[in-house]
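With the hints as extra help, turn the sequences into a complete structure.
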Amino acid sequence: MTNRLRKSATLLICLVAVSALAFATGDAESGADSSEEVQLQWLATGPGVQRDFDEVMGIANEMLADYVPNTTFEMEIVPPPDYRQRFDLMMAASEQLDIAWKGWMQGYAEEVNKGSYLPLDDLIDQYAPAIKEEVPSWLLTAGRIDGELYIIPKFEVHYWQMGLHTDNAKFEQYFDLEGWMETVAIDTPYNTVTPDLYDAMEEYMQTLRDAGVGGSGFSPWVFTMPRGEDLVKGPPNWTYTMPAVANVYRPGYEWDFTVLNTYERPETIAFFEKMAEWREEGFIREDMLSLANPRQFENTDAEGYDIWFHNYVNPLGTDYTVETRWSQLHTRVAAEPFPFVQPTPNDGNTIPRTAANPERAIQVMALMQTEAGADFYNTLVWGIEGRHYNEVRPGRIETIDYAGQGNADSPYGLWKWALGNVWNAWLTQADQSDDLFEYYEAQHQLGIESPFTGFNFDTTNVVNELAQIRSVLSEYVRAFMSGYYEEDLYAEFLEKLDLAGVDTLIDETQGQLDAHLASINIPKTGYIQ
Amino acid sequence: MRTQAELRQQVVLNIILWIVCLFGFIVPLVIVITTSFTEENSLIANGYRIIPRETSLEAYRLLFRAPGKMIDAYIVTILQSVIGTFISVLIMGLCAYAISRKAFRMRRTVSLFILFTFLFGGGLVPTYILNTQYLGLGDTFLIHIVHNLANAFYLIVMRTFFKNIPESLIESAKMDGGGEFLIFARIIFPLAMPAFATISLLGLLDRWNNWFTSLVYIRDESLYTLQFLLQRILRDFEFINAIAAESVTNIDIQLFQAPTESMRYAMVVVAAGPMLMVFPLFQRYFVRGLTVGSVKG
Numbered sequence: 001m002t003n004r005l006r007k008s009a010t011l012l013i014c015l016v017a018v019s020a021l022a023f024a025t026g027d028a029e030s031g032a033d034s035s036e037e038v039q040l041q042w043l044a045t046g047p048g049v050q051r052d053f054d055e056v057m058g059i060a061n062e063m064l065a066d067y068v069p070n071t072t073f074e075m076e077i078v079p080p081p082d083y084r085q086r087f088d089l090m091m092a093a094s095e096q097l098d099i100a101w102k103g104w105m106q107g108y109a110e111e112v113n114k115g116s117y118l119p120l121d122d123l124i125d126q127y128a129p130a131i132k133e134e135v136p137s138w139l140l141t142a143g144r145i146d147g148e149l150y151i152i153p154k155f156e157v158h159y160w161q162m163g164l165h166t167d168n169a170k171f172e173q174y175f176d177l178e179g180w181m182e183t184v185a186i187d188t189p190y191n192t193v194t195p196d197l198y199d200a201m202e203e204y205m206q207t208l209r210d211a212g213v214g215g216s217g218f219s220p221w222v223f224t225m226p227r228g229e230d231l232v233k234g235p236p237n238w239t240y241t242m243p244a245v246a247n248v249y250r251p252g253y254e255w256d257f258t259v260l261n262t263y264e265r266p267e268t269i270a271f272f273e274k275m276a277e278w279r280e281e282g283f284i285r286e287d288m289l290s291l292a293n294p295r296q297f298e299n300t301d302a303e304g305y306d307i308w309f310h311n312y313v314n315p316l317g318t319d320y321t322v323e324t325r326w327s328q329l330h331t332r333v334a335a336e337p338f339p340f341v342q343p344t345p346n347d348g349n350t351i352p353r354t355a356a357n358p359e360r361a362i363q364v365m366a367l368m369q370t371e372a373g374a375d376f377y378n379t380l381v382w383g384i385e386g387r388h389y390n391e392v393r394p395g396r397i398e399t400i401d402y403a404g405q406g407n408a409d410s411p412y413g414l415w416k417w418a419l420g421n422v423w424n425a426w427l428t429q430a431d432q433s434d435d436l437f438e439y440y441e442a443q444h445q446l447g448i449e450s451p452f453t454g455f456n457f458d459t460t461n462v463v464n465e466l467a468q469i470r471s472v473l474s475e476y477v478r479a480f481m482s483g484y485y486e487e488d489l490y491a492e493f494l495e496k497l498d499l500a501g502v503d504t505l506i507d508e509t510q511g512q513l514d515a516h517l518a519s520i521n522i523p524k525t526g527y528i529q
Numbered sequence: 001m002r003t004q005a006e007l008r009q010q011v012v013l014n015i016i017l018w019i020v021c022l023f024g025f026i027v028p029l030v031i032v033i034t035t036s037f038t039e040e041n042s043l044i045a046n047g048y049r050i051i052p053r054e055t056s057l058e059a060y061r062l063l064f065r066a067p068g069k070m071i072d073a074y075i076v077t078i079l080q081s082v083i084g085t086f087i088s089v090l091i092m093g094l095c096a097y098a099i100s101r102k103a104f105r106m107r108r109t110v111s112l113f114i115l116f117t118f119l120f121g122g123g124l125v126p127t128y129i130l131n132t133q134y135l136g137l138g139d140t141f142l143i144h145i146v147h148n149l150a151n152a153f154y155l156i157v158m159r160t161f162f163k164n165i166p167e168s169l170i171e172s173a174k175m176d177g178g179g180e181f182l183i184f185a186r187i188i189f190p191l192a193m194p195a196f197a198t199i200s201l202l203g204l205l206d207r208w209n210n211w212f213t214s215l216v217y218i219r220d221e222s223l224y225t226l227q228f229l230l231q232r233i234l235r236d237f238e239f240i241n242a243i244a245a246e247s248v249t250n251i252d253i254q255l256f257q258a259p260t261e262s263m264r265y266a267m268v269v270v271a272a273g274p275m276l277m278v279f280p281l282f283q284r285y286f287v288r289g290l291t292v293g294s295v296k297g
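So the protein sequences, as listed, match chains V and C. Under this note's numbering, the first residue of the first sequence is numbered 1, with each subsequent residue one higher. Under this note's numbering, the first residue of the second sequence is numbered 1, with each subsequent residue one higher.
Since the hints were made in silico from the structure, they are not lab data. Ideal Cβ positions, reconstructed from N, Cα and C, are used throughout, including at glycine. One or more of the hints may lead you astray.
[Unchecked claim] Listed below are several chain C residues computed to face chain V (Cβ distance under 10 Å; list not exhaustive): (1) T198; (2) L215; (3) E238.
[What the hints assert, rightly or not] Calculated from the model, a selection of chain C residues having no Cβ within reach of chain V, i.e. all distances over 10 Å: (4) P28; (5) A45; (6) A66; (7) Y128; (8) S168; (9) L169; (10) G177; (11) F239.
Given below as structure tokens:
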């Protein structure tokens with residue numbers, strides 16, 4: 001080595017060493033002393049920075065002084081598509097972050113395994129006991145991993161009940177409501193779409209066609225995979241499910257917790273066969289497979305679908321709901337007799353490991369979750385009275401310049417579900433009923449209680465298998481759902497799933513599920529609700 | 001000797017061939033422009049057409065619904081592209097000139113450092129930490145300029161070009177009393193114009209199309225680059241469409257059904273249009289042999 005090269009190498013090593021030393025010097029600060037002035041850093045999702053954002057933050061900070069003295073906060077709003085990258089970068093750079101929203105695009109178990117979040121139980125018990133008094137324990141259970149709580153899950157609607165959607169005018173004139181309700185009420189051991197239900201749907205579509213008012217048939221993109229809770233959590237893909245599932249059993253039936261391969265279940269194959277049959281009959285659009293977004297016709301235009309599935313919500317307590325969607329009256333009717341209650345930690349609020357003031361952070365989070373902080377929470381969500389909303393009566397407002405939730409062009413209006421407990425949010429013109437939350441609460445009480453609550457599948461051991469399986473799914477499933485099922489093709493698909501390691505995934509899921517059931521004292525056999 | 005008829009035949013064949021080639025380039029461009037003016041449902045029902053069945057300005061109306069943001073983004077993008085490219089090319093040119101000169105004793109060491117960064121990048125996280133926590137460039141306009149100011153690959157290309165310039169030119173300038181800066185400005189720069197033009201154009205394109213810097217470093221919307229703003233608008237609308245389709249409401253949410261497909265093409269027109277006008281300005285520099293005749297006998 002020449003002298004010059006040696007000098008260069010030494011200089012390079014010195015530079016690396018100095019940089020490493022510089023990066024390694026961090027400072028851990030604690031906000032336990034309440035007389036100390038601290039500023040919390042808060043990362044949330046929302047529509048981006050709006051015109052009056054700074055002004056509302058100023059007012060909210062003044063309000064916060066009354067609740068948590070000597071504490072201010074700086075909030076950064078990152079829209080959902082960019083959120084994960086922003087959070088990951090802040091964690092990697094060890095930037096101070098005291099409160100962070102966790103979104104559906106982030107794997108909860110993976111983040112906990114990486115050590116992204118601080119455990120919350122001790123902090124809540126010591127500094128914010130009101131959280132456990134007001135947020136139901138069944139919801140907090142969903143956020144526990146190995147008994148430790150790392151998230152306060154979003155407290156909103158935690159049930160699903162399949163509903164059939166259609167145009168209201170056609171529904172009123174041609175839908176056989178009585179016959180439908182009888183079909184829906186057919187008793188089955190577990191949630192599934194029965195052949196009778198398919199027949200009733202086909203009959204309705206045929207009636208519309210005979211009357212000359214038929215649209216483009218059925219949209220099979222939501223709720224169509226045979227029911228059964230998707231046990232593999234993670235960013236949802238367009239199939240809405242993964243190959244590992246277990247059935248959701250109805251009251252009075254014994255649960256079987258065997259994890260199954262979705263695509264080998266007879267219900268799945270029957271569904272694909274039905275879609276192929278409907279494509280032949282013109283009830284599935286011929287061009288569906290080539291559409292970038294096949295759900296775009298879920299409206300009641302002449303080109304729109306006749307029927308499709310989505311969640312059933314009916315706070316008015318009538319036989320079916322009528323709502324306005326894209327200037328057209330639209331109807332939902334129940335397609336399942338029971339809601340299924342499944343709280344998840346898909347989104348909620350956390351205290352990241354880089355928090356400089358976790359004690360203050362948990363106190364601010366308590367304001368967002370409990371009635372004591374409702375005014376502060378609603379100010380953050382809705383902004384300033386007279387400028388961003390008008391009060392209609394206590395607890396109900398009318399937002400200005402937008403309805404529902406604020407967008408990037410609204411002067412102000414954040415998203416209530418991203419910041420805290422939606423139960424404490426004021427109702428707006430977008431909410432159908434004053435009794436909305438009572439209705440949701442009743443549904444939660446009525447529904448099948450999920451034994452999978454708190455089961456957070458850890459993908460660490462099957463990352464490679466999952467990647468390969470998703471690749472196989474993306475190659476085939478969309479075609480099957482669009483009515484291109486053929487026996488030979490399906491056999492080829494199952495073979496590829498096998499090669500991709502679906503059995504390993506199912507074994508891993510079964511192992512983790514068994515451990516979960518044992519931890520909550522649910523027996524593997526003989527469990528009946 | 002070819003006959004008149006053969007010559008005419010060859011000319012006609014050539015013309016047909018060039019027209020076909022021209023269509024290969026122009027038709028996709030025309031389709032992009034017409035698609036951006038096509039009504040969304042017509043686009044879905046009838047596919048991409050050169051002449052749309054139903055036209056609509058909705059995609060442009062939505063893109064420019066907040067003209068202030070769009071103007072800010074254009075200003076930021078133009079400034080960062082022009083200033084950034086100018087400074088970047090100047091720095092790379094000076095550096096490449098130095099390491100191309102045999103008289104510079106440290107040229108191998110400096111080249112080694114440059115080559116090292118070419119092969120092994122610092123990675124996103126260390127770069128982010130350096131820029132935000134040490135240099136304080138996060139959420140400032142300067143990050144658009146300073147970040148990626150010198151590119152190792154372009155630097156090596158320039159150095160190689162400078163090496164081809166005859167040393168005798170520099171020596172004769174020195175004998176006439178010229179200093180290094182004067183030689184660079186008066187001799188090297190004019191002779192290396194094709195290299196400067198090429199690197200400037202590539203750098204300008206890189207900077208014009210840059211959205212990642214805004215994604216990682218910028219929180220203030222008035223500092224977004226055009227590409228990032230457009231991308232964000234589209235993603236916001238896709239997200240709002242999805243939310244609107246899922247929500248339960250008794251209000252009319254027609255506002256939220258955005259034409260995301262035609263909007264993609266409108267974005268291409270809005271983003272690529274200015275660069276299509278800039279490209280011909282550089283074209284005349286893409287010539288060879290500028291040094292021919294500069295060295296006599």
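Does C:G177 really sit off the interface, with its C-beta more than 10 Å from all C-beta atoms of chain V? Holds: least Cβ distance 32 Å, greater than 10 Å.
Taking the minimum C-beta separation from C:A66 to chain V, is that value above 10 Å? 6 Å, violated
Taking the closest Cβ pair, is C:E238 under 10 Å from chain V? 8 Å, holds
Claimed clearance of chain V by C:A45, with the beta carbon kept past 10 Å: 7 Å, violated
Agreement of hint C:L215 with chain V interface, Cβ distance less than 10 Å: Holds. Min distance 6 Å.
Least C-beta distance between C:S168 and chain V, which was stated to exceed 10 Å: 28 Å, holds
Interface-negative label, C:L169 against chain V, beta-carbon threshold 10 Å: 29 Å, holds
If we take the beta carbon of C:F239, is the closest beta carbon in chain V still more than 10 Å away? For C:F239, whose nearest Cβ neighbour in chain V is about 6 Å away, the distance does not exceed 10 Å, so it is violated.
Cβ separation check - C:Y128 to all of chain V, threshold 10 Å: 5 Å, violated
Is the interface hint satisfied for C:T198? The criterion is a beta-carbon contact with chain V at less than 10 Å. Hint on C:T198: violated, closest Cβ of chain V at ~30 Å, above 10 Å.
Would the non-interface assignment of C:P28 survive a Cβ cutoff of 10 Å against chain V? At about 18 Å from chain V, C:P28 clears the 10 Å cut-off, so the statement holds.
Going through the hint list in order, the structure does not satisfy hints 1, 5, 6, 7 and 11.
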